[in-house]
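Protein chains: 2
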Amino acid sequence: MTVLILTCEQDVTADMVVAELDRGAVPVVRLDPADLPGPVALSGEYVRGTFRGHLSVGGRLVSMGGLRSVWIRRPGAAASHAAEASDWLTEESAQALYGMLRSTDARWMNHPDAARRARHKPWQLSLAQRCGLPVPATLITTFPQAARDFADRFPDLVVKPVSGAHPQEPPRAVPTSRVAPDTDFAAVAFGPTLLQRRVVKRADIRLTCVGERMFAARKTVAPDADPDEVDVRFATSSALWQPVDTPSSVAAGVRTYLREAGLAFGAFDFAEDAEGMWWFLECNQSGQFGFVQIESGQPIAAAVADWLAAPPPPGPRPNGARAWAMEGH
Amino acid sequence: MTVLILTCEQDVTADMVVAELDRGAVPVVRLDPADLPGPVALSGEYVRGTFRGHLSVGGRLVSMGGLRSVWIRRPGAAASHAAEASDWLTEESAQALYGMLRSTDARWMNHPDAARRARHKPWQLSLAQRCGLPVPATLITTFPQAARDFADRFPDLVVKPVSGAHPQEPPRAVPTSRVAPDTDFAAVAFGPTLLQRRVVKRADIRLTCVGERMFAARKTVAPDADPDEVDVRFATSSALWQPVDTPSSVAAGVRTYLREAGLAFGAFDFAEDAEGMWWFLECNQSGQFGFVQIESGQPIAAAVADWLAAPPPPGPRPNGARAWAMEGH
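Chains as they are written, first to last, in UniProt numbering: chain A, 1 to 329; chain B, 1 to 329.
Since the hints were derived computationally from the structure, they do not count as laboratory data.
All values derive from a computational prediction rather than experimental measurement.
Hints are not guaranteed to be accurate.
Note: identical chains are not told apart, hence a pair may lie in one copy or across any two.
[Said to hold, decoys possible] Capping the alpha-carbon separation at 25 Å, the derived lysine to any residue pairs in SDA-like fashion look like this:
(1) LYS219 with GLU275
(2) LYS160 with ALA25
(3) LYS219 with ALA25
(4) LYS160 with PRO311
(5) LYS160 with ARG52
(6) LYS160 with ALA302
Next comes chain A alone, as it looks inside the complex (with noise of 0.2 Å):
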């Protein structure tokens, strides 16, 4: 049984992580999307109520029916490297190839649906609520008056955007800004905003999780820190990632969150306040760990080795589908 990973031909994290396989033995086949069709090839055949279907990379062939696991990594648009690159060529070929392995019995890091579900930033906050999780107040709004009251209400905010990175080539990720106290709003009514409570933070946690394991992992927020600075990613800080336990409330919840939302894999930040309490941020379903594993030593590549390379669970038919059936939203 294969394991399959799809991401571009650039990517340490999955250097990694076949790294990891490799040290098992476990047979992987790693491919771009955008090199479909030319390098990559597939086939796939509907006869007498049966499905065969094979895909070809490197000259080497492989049954979708050998694949042990998919893992989504950050594959490149379907067709994008073909001398006629094309929307219609893209949509053709990203049909093909991901309607025949969403037919597969592979498990999936993570499947294409839930992936996309848990992008939207709304439902993560009403699911990470519903989970027990503490959410900080938060307003999405085009109204000015609306953000006005909340404003009123929580004199403290940070603005972030609704859906994560801004969609240029390469994505380019719109930090979290502290907002003025002088701030009018009257702009909201030109596009949804994201105001949230700022959360006074003495560390930022990263919270990773493969399947039933976490790797939690703390930053400490220097106590003369710029509270300006509240976007992690872009702070200036000299604090290493640090290994920490998880308060079991918090993993309590997040093992929720992941069973609803369907998710093998998710990336959760929190930021830790002057009581140690850890309040939700957000939940990224495609995290980088590189640079936790890093700093914190956490062996987080050899647990996404190890789930992928899992042997199929027990069942009649056990099928990715299955696997992140929903039992919420």
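Position chain B relative to chain A; hints supplied.
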């Protein structure tokens, strides 16, 4: 409790359903996400573990908690009517709108994740097979030799797009075409190609499913029809769509298909062969039904309205996502 219809301004099919809902005095809000922000506004607040959201359209304010159902008919891209339209604003606005709607208890026709998955033709074919619906022998390939071998076994073939409509603006349907006997198939290396055994058909079948209700219509193919006219959408026929009974084995397969796919609405296309067998061609989760209703007299719009207006199912937390929890792929 209000029915929310997401569609563009010019939509006769939506008009038909709104008329039915008005007859039943069911509150309806109709909006085009293209008008957000601007004529459409939204606000959602996450405070102390609860979410409260509102939509505003034409000065009317609707609580998201008061939504009974959401019908995704033919919505424009979010924010596409904005004065400063951009991919970024579309992404922000779509995430805000759909992210909040995903957090409500409303029932969906169809849930966006189920709808997206249901568009994958390779997945459709596998699911139809698993549901016991007869599927004509089909090959999707980028291997010229696989195509040639398939054509040796099934000499009378049609070719059709893997993904459906061509993604131009407005989207253009790509007709299914007959494959000439002397075709070389070298070109399949340049793009995934779907080849299917041509069903020599005596009628086209359109089976429109709305919740548990099925409306089958049949359009006779004239005995002297041009065998190259394989696509009913483009065929020159004077026959009308006529109501027909659904064979019980087909009804059972279709019910399973819709349940596994998590779809509340599906328009199935079948080809009826000389022996009366219905061959599955595809299931369009957003299929038009106006033309069938007009010719066949079947009350499809009323059935859609009934489904949208139905009270929420009993239980502690009836929600849209639960309604499409996947039992299979």
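Now for the hints, and whether the structure bears them out:
For a Cα distance limit of 25 Å, the shortest separation of LYS219 from GLU275 inside one copy, 16 Å, qualifies, whereas the shortest one across copies, 71 Å, does not. For a Cα distance limit of 25 Å, the shortest separation of LYS160 from ALA25 qualifies neither inside one copy, at 43 Å, nor across copies, at 41 Å. When the C-alpha separation of LYS219 and ALA25 is checked against a cutoff of 25 Å, the pair qualifies neither within a copy, at 35 Å, nor between copies, at 57 Å. Proximity of LYS160 and PRO311 under a CA criterion of 25 Å is satisfied in neither setting, with 41 Å inside one chain copy and 37 Å between copies.
Within a single copy, LYS160 and ARG52 get their C-alpha atoms only as close as 46 Å, which misses the 25 Å cut-off; across copies the closest is 19 Å, which meets it. Taking the closest pair of Cα atoms, LYS160 and ALA302 never come within 25 Å of each other, the shortest separation being 33 Å inside a single copy and 43 Å across copies.
In terms of the numbered hints stated before, the structure departs from hints 2, 3, 4 and 6, listed from lowest to highest.
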